[in-house]
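All chains should be modelled from the sequences, with the hints used to inform the complete structure.
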Amino acid sequence: MSAPPGITELAAAAAKLAIPHIDYLSVLPIMVMLGGAVVILGWSSLLRRPMDSGWVTSLTVLTASATLILSLFQWGAVLAHGAHTHIDGAIVQDGFSAFVSVLVSCIVLVSAVIADSWLRREGVDGPEFQVLLLLSAAGAMTMGVANDLIVVFLGLELLSIPLYVLAALNARRAESGEAALKYFVLGGFSSAIFVYGIALVYGATGTTDLPQIADYLARNVLLHDGLLLAGLALLLVGFGFKVAAVPFHLWAPDVYQGSPTPATGFMAAVAKVGGFAALLRVFVSSFHLLQNDWRPPVWVLACITLVFGAVVALWQRDVKRMLAYSSINHAGFVLLGLQAASNRGVAASLYYLFVYSFMVIGTFGVVSVVGGRGDRRHSLEAYRGLGARQPWLAGALTILLLAQAGVPFTTGFVAKLEVISAAVHAGSTDLAVVAMVSAAVAAFFYLRVAVLMYAPSGAGSEHALDGLGIDPAGATGSSGPSMPAEAPVLVARGEAGSVGVPATVVSPAPGAVDETIPAGVAFGVGLCVAVTVVFGIWPETLTSFAQHATLLLRP
Amino acid sequence: MGEYLPILVLIVLGLLFAGLSFAASALLGPRRRPTSAKVAPYECGIVPDVEPPQRFPVRFYLVAMIFIIFDIEIVFLYPWAVIFRQLQTFGLVEVLVFAVVVFVTFLYLVSNGALDWGPAKRLERADTKRTTSSTVSRVPGGPPGEPSSGHEAA
Numbered sequence: 143m144s145a146p147p148g149i150t151e152l153a154a155a156a157a158k159l160a161i162p163h164i165d166y167l168s169v170l171p172i173m174v175m176l177g178g179a180v181v182i183l184g185w186s187s188l189l190r191r192p193m194d195s196g197w198v199t200s201l202t203v204l205t206a207s208a209t210l211i212l213s214l215f216q217w218g219a220v221l222a223h224g225a226h227t228h229i230d231g232a233i234v235q236d237g238f239s240a241f242v243s244v245l246v247s248c249i250v251l252v253s254a255v256i257a258d259s260w261l262r263r264e265g266v267d268g269p270e271f272q273v274l275l276l277l278s279a280a281g282a283m284t285m286g287v288a289n290d291l292i293v294v295f296l297g298l299e300l301l302s303i304p305l306y307v308l309a310a311l312n313a314r315r316a317e318s319g320e321a322a323l324k325y326f327v328l329g330g331f332s333s334a335i336f337v338y339g340i341a342l343v344y345g346a347t348g349t350t351d352l353p354q355i356a357d358y359l360a361r362n363v364l365l366h367d368g369l370l371l372a373g374l375a376l377l378l379v380g381f382g383f384k385v386a387a388v389p390f391h392l393w394a395p396d397v398y399q400g401s402p403t404p405a406t407g408f409m410a411a412v413a414k415v416g417g418f419a420a421l422l423r424v425f426v427s428s429f430h431l432l433q434n435d436w437r438p439p440v441w442v443l444a445c446i447t448l449v450f451g452a453v454v455a456l457w458q459r460d461v462k463r464m465l466a467y468s469s470i471n472h473a474g475f476v477l478l479g480l481q482a483a484s485n486r487g488v489a490a491s492l493y494y495l496f497v498y499s500f501m502v503i504g505t506f507g508v509v510s511v512v513g514g515r516g517d518r519r520h521s522l523e524a525y526r527g528l529g530a531r532q533p534w535l536a537g538a539l540t541i542l543l544l545a546q547a548g549v550p551f552t553t554g555f556v557a558k559l560e561v562i563s564a565a566v567h568a569g570s571t572d573l574a575v576v577a578m579v580s581a582a583v584a585a586f587f588y589l590r591v592a593v594l595m596y597a598p599s600g601a602g603s604e605h606a607l608d609g610l611g612i613d614p615a616g617a618t619g620s621s622g623p624s625m626p627a628e629a630p631v632l633v634a635r636g637e638a639g640s641v642g643v644p645a646t647v648v649s650p651a652p653g654a655v656d657e658t659i660p661a662g663v664a665f666g667v668g669l670c671v672a673v674t675v676v677f678g679i680w681p682e683t684l685t686s687f688a689q690h691a692t693l694l695l696r697p
Numbered sequence: 520m521g522e523y524l525p526i527l528v529l530i531v532l533g534l535l536f537a538g539l540s541f542a543a544s545a546l547l548g549p550r551r552r553p554t555s556a557k558v559a560p561y562e563c564g565i566v567p568d569v570e571p572p573q574r575f576p577v578r579f580y581l582v583a584m585i586f587i588i589f590d591i592e593i594v595f596l597y598p599w600a601v602i603f604r605q606l607q608t609f610g611l612v613e614v615l616v617f618a619v620v621v622f623v624t625f626l627y628l629v630s631n632g633a634l635d636w637g638p639a640k641r642l643e644r645a646d647t648k649r650t651t652s653s654t655v656s657r658v659p660g661g662p663p664g665e666p667s668s669g670h671e672a673a
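As they're listed, the protein sequences go chains A and B.
Heads up, the numbering used here is the position in the first sequence plus 142, with the first residue counted as 1.
Heads up, the numbering used here is the position in the second sequence plus 519, with the first residue counted as 1.
Please note that the accuracy of each hint is not assured.
Stated by the list, open to error - So the derived list for chain A, only partly shown, Cβ under 8 Å to chain B, looks like this:
| no. | residue |
| --- | --- |
| 1 | Ile161 |
| 2 | Leu183 |
| 3 | Ser187 |
| 4 | Leu188 |
| 5 | Ile335 |
Stated by the list, open to error - From the derived model, a few chain B residues whose C-beta atoms are all more than 10 Å from chain A:
| no. | residue |
| --- | --- |
| 6 | Ala537 |
| 7 | Ala545 |
| 8 | Arg552 |
| 9 | Lys557 |
| 10 | Arg578 |
| 11 | Phe579 |
| 12 | Ala583 |
| 13 | Ile588 |
| 14 | Gly610 |
| 15 | Thr624 |
| 16 | Asp635 |
Bear in mind the hints are in silico, worked out from the structure with no lab data behind them.
Every residue, glycine too, gets a C-beta built ideally from N, C-alpha and C.
Right, dumping it as structure tokens:
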């Protein structure tokens, strides 16, 4: 039996196989993250009964802390010795990647602490939640250090697949399964588009290595660049799905609403961080020379993401759904930094991601407490009078919502200022104006929740909302939406999505539900609020941190 | 063009195989038109008046997962085995790490009862907090909460 010629060539290539030098230190944070997940899974499997969730959380926090310290060491190494590539150019260790690693470690730390009480409350046994948290975070970190499109894809999948399972984790809620299935199908679809984009870019440039792509584009002038531009467009679509940029956002409201609330917070933070990390690196450093081709589409994407996210959120009466649209709006702001295509833009986007992660995890932490057992009380009405029932909880949520709205003396303000000034600096003044208007519109629905929390409780009826003059119809009149035709359609679609849910959802009278703040949530949300306020009043530390987080290949 | 020839041949072969399969089943299969009585599930000769349960034990799913785990392991072990000598100790260590990770997932499945077939050996304490409204049951053709009769075969 003679082997086909292809096999012999392959064997000949294997014979002179050069194993690249592997610097394990460069990927140590990711390995610790993955190792922690495997150890927790293995250890709890060997036990007779499910491991106590306190233990699982402690181990997760330990792993995340170790990763955080290692990432900070990497940051120090980059500052001392400069940026390097490792493992045959597959991995890059620069300020940008160290920043992303630090951020992802923090996200895991805070999410794990906040999720602990939720796991007890809902009776979700076993280590799955925290293990999936760690695996997904390892994927996000891989996307941060990826220096090759294939490694980006590897990170993307490692990030996404645990998130699909996390969405489904509350097996007793039909919405959870629905959310997971939607996320899985659309996520798989977008991954396929992304891989196709990689294939086309490889076809056009002959390499998947990011610096080599930039090098190729610098040396050659493509007469027929259709293939490359098509690949670039597909990459943008794939990333757009992951970070939920309009018009690729359709999964986000349903998934955010259906997923277990702590998982939603984690998902909203880590998927955006991972997605934007790779998006910024690929577009700003590799395709810098093509910026005249990709900046206009990103301009359009940012513009509609900003407007759509802010305007549609006005109609939402479910807080988780409203926060989903608000996170779409935030994605628009981060796109602003990408659109600037400059060092300043990258730093502003990174800073925005850092700030956004803490705000969104804290917000969903509060939402998970208010949601009560069964994760059901998420209507705006559930927040009425929260200020009187739980002043600390309401106070924390108010600060976090004000920060998301971009009120001064919070990190949200500094972040919005940074991206907008980066956009103005890059000559996109029109986009900056759109961003400011959308921030003003978005402030309305954040403030609506804040006002509702301090409104007198007791009425408890659906019409009570109208009494304050903050009914959805009033919202349309005062803010002047740009897309009146589309938004009601979307609301109708959202309601249709929940028709299949059994009609067992009872809304208990306000006050009847246990809203006491568990210690974990108090610590996690407190940390988020502290970060939001402290870095909002003294922003210099964090902004200079972000400004040093430069890419290896600077534009 | 020459390098695309095998792909073309493969496409033609695929179409040919599909066409031949259809032709063969049409020629060789029994020529009886299905009626509603013929396609009904067999229930001891009794005409079924309710839809038979469409559920099957979820354990089959876990067995499928075990299969996938070892299937994936083989997929990665095979190319490693081919160039085992070139990869030297590095390859051996990497594959061992991979095998350990895969084995942990197997451990997890076993601890979740993937291999516990047969009647339950010990009774588990029921979750008293679970009610019909807290437990999702959307069985087609049955009201939620009603115990289904068909899925206790496991």
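Assertion that Ala583 (chain B) lies farther than 10 Å from chain A (Cβ)
holds (16 Å)
Once the closest CB in chain A is found, is it more than 10 Å from Ala537 (chain B)?
holds (24 Å)
Does the CB of Ser187 (chain A) sit less than 8 Å away from some CB of chain B?
Since the shortest Cβ distance to chain B is 4 Å, the answer is holds.
Given as non-interface: Lys557 (chain B), which should sit over 10 Å from chain A by C-beta:
holds (33 Å)
For the restraint on Ile161 (chain A), tell me whether the closest CB of chain B is nearer than 8 Å.
Holds: closest Cβ of chain B sits about 6 Å from Ile161 (chain A), inside 8 Å.
Beyond 10 Å from every Cβ of chain A: is that where the Cβ of Ala545 (chain B) lies?
holds (35 Å)
Please confirm whether Arg578 (chain B) is truly not at the interface, meaning its C-beta sits more than 10 Å away from all C-beta atoms of chain A.
holds (16 Å)
Does Thr624 (chain B) clear chain A by more than 10 Å, comparing its Cβ with all Cβ atoms of that chain?
violated (7 Å)
Should the hint that Ile335 (chain A) touches chain B count as held when the rule is a Cβ pair under 8 Å?
violated (23 Å)
If we take the beta carbon of Arg552 (chain B), is the closest beta carbon in chain A still more than 10 Å away?
About 36 Å separates Arg552 (chain B) from the closest Cβ of chain A, which puts it past 10 Å; holds.
Can we confirm that no CB of chain A comes within 10 Å of the CB of Gly610 (chain B)?
violated (8 Å)
Does Leu188 (chain A) pass the interface check with chain B, least Cβ-Cβ distance below 8 Å?
holds (7 Å)
The earlier numbered hints that this structure contradicts are 5, 14 and 15.
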